[in-house]
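Asks: As a plain string of letters, each chain reads:
Number of protein chains: 2
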Amino acid sequence: MIVGIDIGGTKALAVLVDPVSNLVEASVVAPSSGNGFELVESIVDLITKLDDQTAAPIDAVGLAVAGLVTSEGSVRYSPNLPSLTEFPLKERVSNAIGLPVAVANDATAGTIAEAEIGAGKGCKNFIFVALGTGIGTGLVVDGHLLNGSNGFAGESGHMTIKSDGDLHVTGRRGPWEMYGSGSSLTHMVRQAVSARTVSLDELNVAQIDDVLGSQLVSAMTSGNKQAEEIFGQFCKDVAIGMSNLVMVVDPSLIIIGGGLANIGSPLIQGVSEWLLKIVVGAEHRDPVRLELSPLGSDGCAIGAALLTKSLLNKLS
Amino acid sequence: MIVGIDIGGTKALAVLVDPVSNLVEASVVAPSSGNGFELVESIVDLITKLDDQTAAPIDAVGLAVAGLVTSEGSVRYSPNLPSLTEFPLKERVSNAIGLPVAVANDATAGTIAEAEIGAGKGCKNFIFVALGTGIGTGLVVDGHLLNGSNGFAGESGHMTIKSDGDLHVTGRRGPWEMYGSGSSLTHMVRQAVSARTVSLDELNVAQIDDVLGSQLVSAMTSGNKQAEEIFGQFCKDVAIGMSNLVMVVDPSLIIIGGGLANIGSPLIQGVSEWLLKIVVGAEHRDPVRLELSPLGSDGCAIGAALLTKSLLNKLS
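Those sequence lines, one after another, are chains X and H. Counted the way this note's numbering counts, the first sequence spans residues 1 to 316. Counted the way this note's numbering counts, the second sequence spans residues 317 to 632.
Source of the hints: derived by calculation from the structure; they are not laboratory data. The structure displayed is predicted, hence computed values, not measured ones. All residues carry an ideal CB built from backbone N, CA and C; glycine is no exception. Please note that the accuracy of each hint is not assured.
Residues from chain H shown here face chain X by an in silico Cβ test under 8 Å; the list is partial [to be verified]:
#1 Pro398
#2 Leu483
#3 Val485
#4 Thr486
#5 Arg488
#6 Val564
Required output: the full structure, derived from the provided sequences and hints.
Replies: Here it is in structure tokens:
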């Protein structure tokens, strides 16, 4: 058995994967708060819980982390998990559990999962875009997953799309993830609730703290014009970043994952329309297909587990 | 002998290259105006002139064209050479001269030249950025020149960097090449001359129509503060687009070519300083090296000639 753990800003999701069928046999979740040492403890705890659920031994563990992760698996910088910056995560987890450990960027892991068992299977040019707290991406070009000189390729959420925009936590002005991420949509919807242009009733929630961007679709269904306008602007901002990537690497397919993928077809439709308008030379090229990830919120964790296969092949 | 022709918006530069030494033996220039048929005539004329200058036969011709060129060498869309959009350039030139012809995007050709005989030789992760009328780029990642699903990868000059910016001729708002190209710098300097904050004397030119962006450096040398400010803003805009590419593909080297490369070290220094400020996680990664192309304004034409080598290998 192999284990993959997706370590996000607030929680860690661990999945137990059968390395032959690639099926998820069990999954557990824990908070990811605390310093590096506490996080290692949580990870060990998650692995122990999964181990209790299987008779077969666990052979290796893959970790997916938001941020700059080198090809060798070192976390160099993680704005959403500051305690992991320059923390020797791989070594510490490996020492604690006595098993080989692989570490990769979360969206890179998600891209591997899409390429091997998801919507990217058999596709030589695709981009995986995870729309969650931030925006993570992975790029497969000419049949090859891009790594780059440090292994940092695919940090596209940090691309500047509005050079006179607001300052991001990274110190950069107007990056894509300030406009096209789940947290950006949630922020816009909560502002609309505060301004009383969208009501909690229309969103089907009890209080403003429970509002999530993805609920905007309910308000649109009930005919709220302001909700439609917010969603239209959001789809445009998502499309601007994607079209930048279309300009740079020319994919035939974009796979949407992350929390916002559960918006489903309104998101695909809204973003596709904008892509047709802004991709340069759109009338002289095939439209880029847009699909939802079939792996749902498990994608990055599954990809982290699949990462370990090459590790195990090297060892055996 | 092999020939490479760089077909720009106003002129076409043809070089005769020795396929063994890769040295340029002769070069000629002609205007590139007119419709597709007239352009084919100019190209044939350029090849004839080069043929007159060598005793050895010409075996193949490579054409470098700004715009969307498929992997098979069809020009699908060219904002700066509208007469070439969907024009069967390769077939027409090949029929006219009776030789094999290869066609590629101009910056792609420039990138091939850098990889084989320029500053990118031996480097597995580099970007070539041609700062001219527009911005053309080519990307080598993990030792591989990116093509993409249609062969359109590297159209990074069209990336949106200012989503609320002005409308470009392509219909897109705020693309990189509206701020970081040679024509954008020339436009800013001419505006400063009109506003009398920079004088023609300081630029060493007789009249405003002769002003080029690259001359701004003379005005900076003579201590003009406004000139320094314009150049600083320009370097920042160049760096914003480059840092987007650093986020997406993580290169270790960026090679600057195109007309603006003749600004030299002030450009390298100005852009490098901004890159250090805006690349995310700059303190946790090696700084990206910035170098001037050693091939000068011949780079794309040489690359077009080198393109034909794989064509000749396939034929022989």
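Asks: Taking the hints in turn, state whether each one holds.
Replies: Structure-based check of all given hints:
1. Pro398: With a closest approach of 12 Å, the proline 398 (chain H) hint is violated.
2. Leu483: The hint is violated - leucine 483 (chain H) has no Cβ within 8 Å of chain X, the shortest such distance being about 11 Å.
3. Val485: violated (10 Å)
4. Thr486: Since the shortest Cβ distance to chain X is 5 Å, the answer is holds.
5. Arg488: Holds, about 6 Å.
6. Val564: The hint holds - valine 564 (chain H) has a Cβ within 8 Å of chain X, the shortest such distance being about 5 Å.
Hints 1, 2 and 3 from the list above are not met by this structure, while the remaining hints are.
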